[in-house]
Each structure stands twice: as C-alpha cells, then as structure tokens.
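Asks: Given the sequences, and given the hints that come with them, work out the whole structure.
From first to last, the protein sequence lines stand for chains A and B. So that you can map any letter, position 12 of the first sequence is 11 in numbering that gives the first Met the number 0, and since no number is skipped, the others follow by simple counting. So that you can map any letter, position 12 of the second sequence is 11 in numbering that gives the first Met the number 0, and since no number is skipped, the others follow by simple counting.
In short, the hints are calculated from the structure, not lab data. Heads up, a few of these hints could be off.
[What the hints assert, rightly or not] Simulated pairs of lysine-lysine, DSS-like, Cα-Cα distance not exceeding 30 Å:
id, chain 1, residue 1, chain 2, residue 2
1, B, LYS149, B, LYS46
2, A, LYS56, B, LYS149
3, B, LYS492, B, LYS414
4, A, LYS149, B, LYS113
5, A, LYS16, B, LYS259
6, B, LYS261, A, LYS15
7, B, LYS149, A, LYS55
8, B, LYS149, A, LYS41
9, A, LYS159, B, LYS190
10, B, LYS254, A, LYS16
11, A, LYS15, B, LYS113
12, A, LYS16, B, LYS113
13, B, LYS327, A, LYS142
14, B, LYS190, A, LYS15
15, A, LYS15, B, LYS259
16, B, LYS190, A, LYS16
17, B, LYS327, B, LYS261
18, B, LYS149, A, LYS81
[Stated by the list, open to error] A partial selection of chain A residues facing chain B, derived with a Cβ cut-off under 8 Å:
id, residue
19, PHE79
20, MET105
21, ASN162
Where is the CB? At the ideal position from N, CA and C, for every residue including glycine.
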Amino acid sequence: MNDTPQPLWASEAFWKKTAIWVTAGSFIVLVVLTFDSLSQTKAGGTRVPAYSVINKKIDYQYQAKLFKSIPVIGENEFLFGKELTEEEAFQLVDLGKKTSQAKNCMNCHTLLGNGAYFAPDLTKAWLDQGWLSTQLREDAMVKFLIDPEKNARTFSSNRKMPNLAITEAEAKGLVAFLKWMSSIDTNGFPYNFKTIYAEQ
Amino acid sequence: MSTNGLEGVMQSGNHACAKIRARWTEFSQWVNLDSNNLSDGQKLAVKYFTVAVILFFAQIVFGMLAATQFIYPSFLYEILDFNVNRMVHINAMVIWMLYGFIGCVYWLLEDESKTEIVGLKLGNIAFWVLTGAVTLVVLVYLLVQIGPGKTSSLWLINEGREYIEAPRWADIGIVVVMLIFFYNVVATFSKGQWSGIAGVLTLDLVALAGLYVAGMFYMTNITHDQYWWWWVIHLWVEATWEVLVGVIMAWSLMKLLGVKRKIVQTWLYIEVALMFGSGILGLGHHYFWIGTPEYWLTIGGFFSALEPIPLVAMVVHAVYDSGSHAFKNGNHPALAWIIAHAFGNFFGAGVWGFMHTLPQINLYTHGTQWSASHGHLAFFGAYATINIAFFYLAIQHWRGNVWMSGQSENAWRWKWALGLLNVGVVGMTIALLIAGYEQSFIERAVEGSTWAGYFSAQNHPSFQSAMIWRWFFGLVTFAGLILLIWDLLTIGKTETRKAQEIISE
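Replies: Below you can see the structure in the form of structure tokens.
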C-alpha cells in the first residue's frame, strides 16, 4: 500500500457516496412516477376504462398523426344481452380475472403481451377476427372456454387448449374480463391490429 | 385390515426403508465427502447448494417437456399440459437460483465477518421449512395444477402470475424464511466485523426481501396487477439480483485471485451506482404496453438502454483482474465459470436485452420468442454461471481444500460440462432468436397481430425448425448438466495435493 493521495475517481469513499445518492435518487423518482401512473390507470380513467365499459361497443381507430390505433368506446353493446351496473360489471370482470389466474392462463398465453408464447395473445382477444361474427362471438367464446377440446380452433397448428374445468359462470366472467381488457389504451400495442369490425 | 396384513405392509415398508438407507450409504461412500472440512456456515451453505442442483435438474427436465410440446402438441396433453411444465420450468429456475444465492452468502458470511455464524440453528430450521414448502408447492403444481376461479385457489394452489406463481401461503413462508436469513446475515456481521461488501449485501437483501411483498396482492385491474408484478420481477433480476452477484463476484475475486479488497470494493460501489442508476428506472421498459402513461416510453427506453453499462464494467473488472494476476488462482473450474458469468451476463442480460429494449423495436418484439431468447441467455449467463462457480468452490473445500485445476485427474469432465452447458444455452438462444424474428415479421409487422397472424407465424417452417433446433440444444444443455453433476460428485476425489495458497494483497 502506498500513501500517495488518490484522484477522486479512484477513491472508494467517492463511489460509495455516489452509489448511495444515485440509488436513493432513482428510487425516489420511481416512487413519484408510481403514484402518478397508478392514479392515471385507475379503472374508470381514460387509459383504463371503468368495468361497465363491457356494456359498450369497443373498437380501434388508426390515427395517422400518432402512428397508432387508439380505443374508441361506442354505442351500447350489452354483454349476454343485459346491461350491467358498475358493481355488477366489476363482479363479473373480477370473477374472470380470478379465473384467469386460477387456471394459469398466463403460462400458455400472453396478457398485455406478458406471459408464455405457446398460445395467442389475449390482450385484444375480444376483438379478434377469428370469432368471425359479432353476433355469435359471445356464445362461441363461452362454448370454447367450457369445452375447448370439442370446440377446438387450432388454425392447423395441432395445438389444442386443454379442458380446464371452466364453469359457465367462470366462462362468462372470462369473456367480460377479456372484453374489458380489450378497451385498455396500450399505446398502440399490438401494432397494426385489425379488429373484427374492420373492413375486410 | 387384518393384523397380518398390517404387519406385512409394515414389514415391506421397513424393508424398503432399509434398502433406501443401504443405497444412500453406498452412495455416500462412493462420493466420499468429509463434512469435517467445512465450517458451520459452510455446512449450511452446501445444503442450499445441494437442493439448488436438484432443482436445476428439475428445471431442465420440465424445460425439455415444454420444448417437446412445441414440436408435438399432443405430447402429455391433459396430463402435464404446457402451462404446468412451463410453470415448473421457470419456478424451479427462480428457486434454485435463490437457493444458490443464499448458499453463496452463507458460504462467504463467516469468512467476511471473521466470526462464527450467529443463528445457525435458526438457519437450519429455515432451510428445512423452505425445502418442505417448495416440495409441497411443486407437488400441488403437478397433481392439482388448477383450481376454480376463487380466492382460495390463489391462496392454496397457484397464483397464476408468471414467475411468482407460488400460492399465497408459500409467499408468506418465503418472506419469513428470508427474514431469518436476513437476521443471520446482519447479526453475524454485527457480532464480527462490517465491510463494504457486507454493507452492500445487507442493503441489497433489504430491497430483495421487501420487493417480494409487492407481488403478494390480488388486483382486478390488470394494469395495476402487472405494474406491481414487474416491481418484483424486474427489480429482482435487473437490479437486486445483479447487485447480489456483484457482491458474490467481488468476494470470489479476492478469494480466487487474491485481488485487493480496496479494488473490488471500489468496483462494487461503481457497479451499484451504474446498476441501480440504470436498472431502477429501466423498469419503465416493462411499462410500454400495459396501459401505463406514455412517458414510460421515453424513461424506460432511455434508462434501460443504459443497463448494459454496468455489465461491461463487470467484464472489464473480471478480465482485467484475472489478467493482472496472470490467471494464477486456486480453483480453475470456478474461475472459468466466473469468466463465463462475466461474459454471459454482458451478452445475455446486456446485449440481448438491449436488442429489443427500445420501444420502437419492442412494439414488434414484445410477447414473442425474442423474450424467450433473451431470458434463456440472461438467466443462464448472469445467474446460473456464478452459482456453478460456487458449487466448485464448495466441493473443493468439502474435499479438504484440494488442488483443482485444468490438469487435475478427469479434468475433461469439468471442461466438457462447461462447454456443453454454454454451447447448449447459446444454441437455444439463437434458435429462439430466429423464431422471434420470424414472429415479429410475420405475426406482428405483416399480419397485424391477429390470432390468424399468430398461427401463421407458428406454422411457418422457419419457426418450426427453430423449435427443433431449440429442442436439440436443450438436449445438449441437459447432457452438460448431467456431466456437471457427475463432475461435482467426483472431482478432487483422488487428489492429494493442497490447493494453491492465494493471499489477498
């Protein structure tokens, strides 16, 4: 060891202080942004609509100026033919969300793009053209969820969703959850998505 | 049941027990390890390492099952479905790495604090509680798999959130065990002596344990759900885990090469500043598309683009120190894995992460095999490697601090294990990257991310063949792991020379 004075950039004490300040500073910024993000994304805001949005028609419109599609909430389009109050809508979406976790959907599918890659993304599953007709969509989804083996739609991939013992109530909850999730403003993800309402 | 029948059952039970015991004795004699060579803290550490290796094995087995299902979707259909195999694959990984880290910390704790571990008994109890809980969780994953859409399913069966699927009761158990671990670390340093490494380690463990709590709540609002979920996943693997391996690396460079404490500690502080300075707000790259405000595109893109910098620093640090000590070290396989760690961390976490972290690119790659490609190389390169280095350190001391080098007897085993594991993982990474590219083009850019688009990408020959290559390189990885386990059980068995003495300057 020698005792010659060290330049600042090689001193242990300087870097120790830097580490503490940088960590604390970044964390404080994160906490502030977290408060802001959580308040901006409460269900009922502009980015994440209220659960009763499942009473409405949900579609996307491409905004050339922004280079992305943004959600458009339209006229009434009741789910399973019944208008729900905010509380009823919440109960139904909540049942669906819980079911999606209890059935471990996320380890085959992605939700908001996060999860596994063995099955298609569910972010805008409600709006997917694969359901063919908006009139038959709800029933087709419920039937599929209850017995995916018999109603298999494999797009010639041979990958079939297994039977997950989903009840009719749970299936309806899942459809409500998927419809609500499809209305979340995801900053244009996935890009170039064509909804079931888009001109073929 | 008649008494005779009961006696018969008991007799055959006893018989089976005796047989297992005899096999175990035979096995222990064959391995021939002497625990008297270890301190109490080290004895606790090797328990964690042993379970870590078993879970590593489980990780690869279930990874192979899931990889097979990509090629033959009807394989184990409705018996062990893809979601079950994939869940066990990634959970076994998270847990074996945590076991490895806890083992590493217990391994260095007494040496670094210059005293005996304080809560040894408590540490042992925590180990058995955690191991019992992990076994139960895995059995429920495999045998029960799923439950009805009720809160009780999330508490008892599985929480259904990728990486932290463990049911809530297990979450609480994990927090308790982490608190005991934390107590042991702090109490031991307080009784002995503190150091820069000890300080960073302690603060990092506070963050690591605290962050886990952020993942223990159910939320209906999926945007909020994923917001907190990323607090756990990202701030673990891209912040606190990275700092933890920085600590482990700092200590091992002192021990393996004899690098000056002042140098490793200064580097450690630089790494902490760079890692937390980029990684904490780099969290924003997970907030591009989950409903969160647009400012995250800028913040997340900018800070996560800086995340590779500390990893470059770690490569420079490891390679420079190895070179300046002319690679003179006391444990060749361990140092080789440390170097593999430095590069694996840089390429896997740094380069592969950077490749798709900017929102302009991530818009097309998010939720495709790109993430799987990055995940495989990053978890292996950053975390598997450094744990394996410690397995070699542990086995060396378990055998009585014997000579362990490239010229040891059967050194081909550790060299081939190193080669096969690295080639296997890199091979899988490239195969998955090709699949990811193809998905980004066909599913995302051309077909507009519909389900039909998803499947036309999945059915494409270049995707299909990528899955076959991934399977093949998975097998190479598996072969490497089997060789690694064989080597860990046998290396240094017949060695009589003592390890080269390394004294920190």
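Asks: Honestly, which of those hints from before does the structure not fit?
Replies: 1, 4, 9, 13 and 19
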